[in-house]
Amino acid sequence: MAFYQHQGNIPPKRHTQHRRPAGRGTKGELYYEELMGEEGFSSDSSLLYHRNIPSTIAAAREWVIGDLSTAPNHPLMPRHLKLHDLFEAKDVKTTDVVTGRRLVLGNGDVRISYAVAGAPSPWYRNGIGDECVYVERGRARVETVFGAFDVAEGDYLVIPRATTHRWIPRRSSKEPLRAYCIEANSHITPPKRYLSKYGQLLEHAPYCERDLRGPAGPLLAEDVGAAANDETEVFIKHRGNGPSSSGGIVGTVHTLPFHPLDVVGWDGYLYPYAFNVRDFEPITGRVHQPPPVHQVFEGWNFVICNFVPRKVDYHPLSIPVPYYHSNVDSDEIMFYVDGDYEARKGSGIGKGSVSVHPGGHAHGPQPGASEASIGVEYFDELAVMVDTFRPLELGEGGRAVDDGKYAWSWSRAGAAAGGPARGGDGSDYSIG
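For the record, in the sequence shown the residue sitting at position 411 is 411 according to UniProt numbering, with numbers rising by one throughout.
It should be emphasised that the hints constitute simulated quantities derived from the structure, not laboratory data.
Only a predicted model underlies this, so the values are computations on that prediction, with no experimental measurement involved.
Beta carbons are placed, not taken as given, at the ideal position from N, Cα and C, and that holds for glycine.
Mixed in with the good hints there might be a few duds.
As the list claims (entries may be wrong) - Okay, the calculated beta carbon distance ranges per label pair:
| no. | residue 1 | residue 2 | range |
| --- | --- | --- | --- |
| 1 | N9 | S55 | 28 to 34 Å |
| 2 | R278 | P72 | 35 to 41 Å |
| 3 | Y4 | N241 | 35 to 41 Å |
Full structure from sequences and hints, please.
Shown next, in the form of structure tokens:
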């Protein structure tokens, strides 16, 4: 995110001596400066000042990440994946957001996983790409080398590639921590059309810098009740010659001879940040607006959109539901978070559902929904959409919770054969 910040103890000039406090007449030891930058030395970066040499490791071992295999969506069909069926309640206490993720969908550009977690994660670094984690339910503290975040329902947390961090769920009597994890093989940024050539969010953007929350820091080992010299394991996801079913993704655990929270100060334009979906200001019009108006982030070959409660089309002859459309260049993945799903009865879509609408298949509202939506002035709904420009394949998590009948939901003949009597893509009154 191209928005300058600085925290903690940094020298007045970059790449110059920065020393620890010392006694009278003596020099303190140097802090160790690390440049964390994108695209070589050609894009956003930050400078971090460590107590320890950041390259130091004491040991390394393999991390067996889990089942990252994928299967083609073949025969080509729209699908309904019921994410709330992925985890049993008895397993939540021992599941964490990092090692407990289950792969729902993926391709060479992006992977979508889901976790319901009650346990703290290990320290973790994604060396493949940025992550965007949406908090569906629950609360957590996320500690990073840049500082800490308190995240809760509706928060996106964008974490740059190679940021060391961990997730600590907060106890709740209502809901466990439910995390929808979007892992890129690239960087994740606000849409380019919303940015000036210098990186400022422009006036027509649906959010601005005031809506973004940076990390609270600096955060040091002693701030979290640890000792600076505590030996610590860091789980790293990276590229390598793994099995073909994993897409070449492998894992390594580095043992550090010190605690990873050793950054006394940092400054720059590259750091994690949080954004709450309630701060997204929807763009509306007299007639139905296309999905790009709902976009919030983008990565290489994919975009992230959110559909929020909003006033809808106000032309006197408008039809508020979306028209049927063919995704000739993309797969459309909708994660249904909240809202009134009464009008979706029969399709099976509900909270925690993911609809998969593949490129090459036309989709749209359920039978009768267009007529029923006329005169509706407001949609009360919340959903996160990922559109990809290469086909997505089904991960083991997606295959495990496919309802097996969604493809027939537009057909009454399908209902007679065991499918629902009425159906749709979950867009009957808005989404899609």
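Item to check | Those earlier numbered hints the structure runs against, lowest number first | outcome: Violated: hint 1 alone.
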